[in-house]
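Could you build the full structure based on these sequences and the hints that come with them?
Quick mapping for you: the protein sequence lines, in order, are chains A and B.
The first sequence begins at 1 in this note's numbering and counts up by one.
The second sequence begins at 1 in this note's numbering and counts up by one.
For the record, the hints were derived by calculation from the structure and aren't laboratory data.
Far from chain A, some chain B residues (derived; all Cβ distances over 10 Å):
| no. | residue |
| --- | --- |
| 1 | 64 |
| 2 | 86 |
| 3 | 96 |
| 4 | 197 |
| 5 | 323 |
| 6 | 329 |
| 7 | 332 |
Some chain B residues near chain A, calculated using beta-carbon distances under 7 Å:
| no. | residue |
| --- | --- |
| 8 | 110 |
| 9 | 150 |
| 10 | 179 |
| 11 | 183 |
| 12 | 228 |
| 13 | 235 |
| 14 | 242 |
| 15 | 281 |
| 16 | 285 |
| 17 | 290 |
| 18 | 300 |
| 19 | 303 |
| 20 | 312 |
Away from chain B, derived, C-beta distances all over 10 Å, residues of chain A:
| no. | residue |
| --- | --- |
| 21 | 10 |
| 22 | 13 |
| 23 | 38 |
| 24 | 54 |
| 25 | 62 |
| 26 | 63 |
| 27 | 133 |
| 28 | 145 |
| 29 | 171 |
| 30 | 190 |
| 31 | 193 |
| 32 | 259 |
| 33 | 324 |
These numbers were taken from a predicted model, which means no experiment stands behind them.
We put the beta carbon where it would ideally sit given N, CA and C, even for glycine.
Number of protein chains: 2
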Amino acid sequence: MPDVRYFPENVLEPVIREFLCQAGASPDDSAQTTKALLHASRTGVDSHGVRLAVYYARLLRSGRLNASPHRQVRHTGPATALLDADHGLAHPASYLAMNEAIALARNAGIGAVGVMNSTHFGAAGAYALEAAYQNMIGISTCNAESLVSLFQGSIPFHGTNPIAMAAPVPDSNPWLLDMATSSIPFNRVQLYRSLGITLPENVALDSDGQPTRDPQKARFLEPLGGPEFGFKGAALAGVVTLLSAILTGATCDPDIPSGPDAKGPSNIGHFFIALDPGRFVGQTGYRTAITHYLAALRGSPARNPDQRIMAPGDREWAETEKRARQGIPVDPDTTAALGL
Amino acid sequence: MPDVRYFPENVLEPVIREFLCQAGASPDDSAQTTKALLHASRTGVDSHGVRLAVYYARLLRSGRLNASPHRQVRHTGPATALLDADHGLAHPASYLAMNEAIALARNAGIGAVGVMNSTHFGAAGAYALEAAYQNMIGISTCNAESLVSLFQGSIPFHGTNPIAMAAPVPDSNPWLLDMATSSIPFNRVQLYRSLGITLPENVALDSDGQPTRDPQKARFLEPLGGPEFGFKGAALAGVVTLLSAILTGATCDPDIPSGPDAKGPSNIGHFFIALDPGRFVGQTGYRTAITHYLAALRGSPARNPDQRIMAPGDREWAETEKRARQGIPVDPDTTAALGL
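Listed below in structure tokens is the structure:
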């Protein structure tokens, strides 16, 4: 991409932190949000990465995000809690909630924390990984404004509703799944528009709710599985809405204010589960089994003999290595806004 | 289908129960197994329904299933447990494990129970529903012998690895998801063989690992998402293997003995989670929100104006109503074996 510049993380980190502080966020909120944005940029999810700092700063300044939230955790059982995020930045609320789930799981074996009165939390994988780095299996979900049809539906209903899960692996990067429940994210449509590329079949719909491969005409997305098996993708999106919004008192996807004229807080919800992998067959058995499983998976033959089979997360870890060498790409608008 | 006969549930139930007792199962194990088989048959999942009674009876008589298992629950935390199923019938072990998870969740808010030394548990939805009927959200998973390729893989690796979730709905049947992580189950291939119908695109592979639509040539399945987005289906299959086998000490999918010459116990694993929906925004908020959500979903417009949008489970509940009127279809081999 032309005019993109590359920066090492240790250059970007203090700049973004200070930029968010200048917009009114507390030093701790700024640090946690920067951590989540850098996770996304580092692993190649640029749509949820450092460029969003500019967007969050605008929301903080406009008052749509509460710059001084009073976050409250209410324990509702030995293994459950609800966090009211008070309409502040979602990233610090999400790390707080996952760490609460981890603390519950250290005692109970599993812990679940819902979050209400929040907003977009960026890349779901950031919080699942937070658990894996503390030797827990982590699951994170977030509902979002309508952008994906139901199975055979003609209008958007669910959000792209991501599901992430991470599991610790001995002496290695974690196993990491971070997926939208649509086949593609909407920014793929926007990218294909700018590149003039035709979309894959069965991933997007036009304004009449008819399938289209023209990114200029695409207005919303099909659930994973498309017109034949999209009942599975739509149901997985429903799992996310159930956990993130229906359990927590957050707003259901079709009722979330969206678009350029949206006003007021969005009250998006999240859900976090931490699970201690040592509580079933035991820590040693778990470590042996996941090592054996991943070796078998990565050694399994590929359809194309020139390719290798990758485990969930391997693409992200390869990208992380590459970006540690080359730096993190930042577009011109963002470099200008951040004063880089 | 020719020669299929229809029986009311209350005729089938005592016949199957007695048939399993005759094969050596205890009265309680026979009753629990019959309950799970009738759930599958009632909701239209005939592949996992009453016809399997004959198969389980054969396994009991041959000793591959332990007719007198000593099942042991080991508690490992306030919200976790591991059940050793001792190679007995998987259905009673699965109901026991889910009920243990429910008991844990009644106290802790959430409960998770892994099962090892088990075998196929039939329709995953049966156990998720067990939770929903007790006002809990239930999740159930089971790994299985290799039958589905990895993303771009040329041989079978994961099983069809189902994920089920059920959630209670006020004054209504539960919300119910019960899906294989492949696009189709393998018995769809067998059905299409017998009917001479071409398979959908991107669901099956031939013995060389190449895509095929010919059911005669199909040997194994693609993960949900196919050759473009199958990394999602394959990762979801991995979630099931992680929870059901890697956590529990069960055998990973590619190492499960399979085929007509398979000997000895399969040591398949399961995983069950129960979650109290009242522990976050509260029981009243949950009931209001899920009612509102399902009304919005079912009222959303369909692409084809003659169709209605269905919620996960609606197809199963419609089939249940139909079979309550017409009876449950049983094929000639099974009617003969059961002496009906």
